[in-house]
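For the sequence shown, position 272 matches number 1308 in the working numbering, and the numbering has no gaps at all.
By construction, these hints were calculated from the structure, which means they are not laboratory data. A portion of the hints provided could be inaccurate.
Straight-line Cα separation of at most 35 Å, DSBU-like style, residue types lysine-lysine; simulated pairs [unchecked claim]: (1) 1468 - 1103; (2) 1468 - 1119; (3) 1218 - 1112; (4) 1119 - 1103; (5) 1283 - 1375; (6) 1468 - 1112.
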Amino acid sequence: MIRTGRLLAMLVACLALAAPAWPDAPPSATRTAIVGAAVIDGTGAPPRSDMVVVIEGERISAVSPRKDFVPSAGMKIIDGAGKTIVPGFVGMHDHTHVPGNTFTGNVAASLWIAGGVTTVMTAGSAEPERELALAREIARGERIGPEIFASAPYISGPGGSPAMVSPANEAEARAFVRGWRKRGVRWFKLYRHTRPAIGAAVIDEAHRRGGRVTGHLCSITFAEAAAMGIDGIEHGLTSASDLVPDKQVGTCRSAVPLLDTLDLDSPDVARLIETLVAQGVTLTSTLPILEGRFAHRPQGDARSLALLTPAARERLAIRRRQLEADAAGTVWTPAVWQKVLAFERRFVAAGGTLLMGPDFGRHAVPGFGNQRGFELLVEAGFTVPEAVRIATLNGASALGIGHRVGRIAPGFEADLILIAGDPVRRPRDIRKVETVFVNGHAIAPAPLIEAARGRFGPQ
């Protein structure tokens, strides 16, 4: 995370990204008080109105009602009337690559901050060495960006992508984990064609060495992965091959064609959720990327499209035409969309821990995609405080940093989003980011967004 005394280095790094205008950013101050804002603190508790949040250096020093606040000499006061403060988002499926570009981290780093994302886990890497280097640059204060929890190359198996690692045996899988742990990677990701024995070896070796494992699964079912001790599972219902009748062990058969007729009240679904909850497996909601599969759903907005490279916009236009052409016979129906949302609600209602990350590609971009994820959680039926918790403290806890990040409370790192609006009454107000505080440094999003215009995606 960015350290005190490094603000000048961050500004220089931002100006190197593109040229405008850091003078528009609010100046830093040793002690800052945001006065009169509503606070949604990340715990799921109801919002508190007319509050004061005091930042001293890198941390929050006080959170109190305005009636109890006495400003000190030299304190910078920010008027929070009509505004809302939430913790910085913790993105838990935030890649540094997209189809057609194996490393987008340099542009993504600034966009994450502009969108209020102050911590990310990358959930599988195409260029892990560059990802690690970016994380270290940010930690040293050499450029603006979130705290990055880097991940190793994807692990797959027969029939999977040749760009991924396919260990030949368990010994090779364990050596792979050991090697990347030595390089500083803590997170590993199993992909769709990973063989069960390889998956079990990766999970065991990672845990022996303080690592964690998540998965975009298919050949391994959710229940099988839970029995192996996997820490998290990505994407939710659409990847649950447990629901495929007569699925053979170790074979990848998609559940998607069955979802239209799936009964969410069935014993199979109930058992699946019960198993995940009992084993403490987290589930990561990636609704922004999934939304892109449904022709009846929005396919991006003007602000996101403006950030895409020409090649990315062309790919998206082709995809939109294909979605429209296939709409009559698609398996991605409105009914399936509702089941995807309902599965996440049921998982949480049963006691499961839901995380959130947008997964980038199509129209989902860093920062804005995380905001869209929040909006879709609210659409799924979560209250705004619940959606904030999913997007902040739940992710921080899964990363092992819930004691310092993800809450608005004294002693926590001052990673905050000041929103010029009320997302409780209008969830889309989450887009009205006025200022992002990163370890106490106040950063205006507009120059970062402008500098990234037309730069995210394949070249």
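Consistency of the hints with the structure:
1. Between the alpha carbons of residue 1468 and residue 1103 the distance comes to roughly 27 Å, so the proposed pair stays at or under 35 Å and holds.
2. Distance restraint check for residue 1468 and residue 1119: the Cα-Cα separation of roughly 10 Å lies within the 35 Å cut-off, and the hinted pair is therefore satisfied.
3. For the hint pairing residue 1218 with residue 1112, the CA-to-CA distance comes to about 44 Å; that exceeds 35 Å, so the pair is violated.
4. About 17 Å separates the Cα atoms of residue 1119 and residue 1103, which keeps this hinted pair within 35 Å; it holds.
5. Between residue 1283 and residue 1375 the alpha-carbon distance is near 22 Å, which keeps this suggested pair within the 35 Å criterion.
6. For the proposed pair residue 1468 and residue 1112, the alpha carbon gap of about 22 Å is at most 35 Å, so the pair holds.
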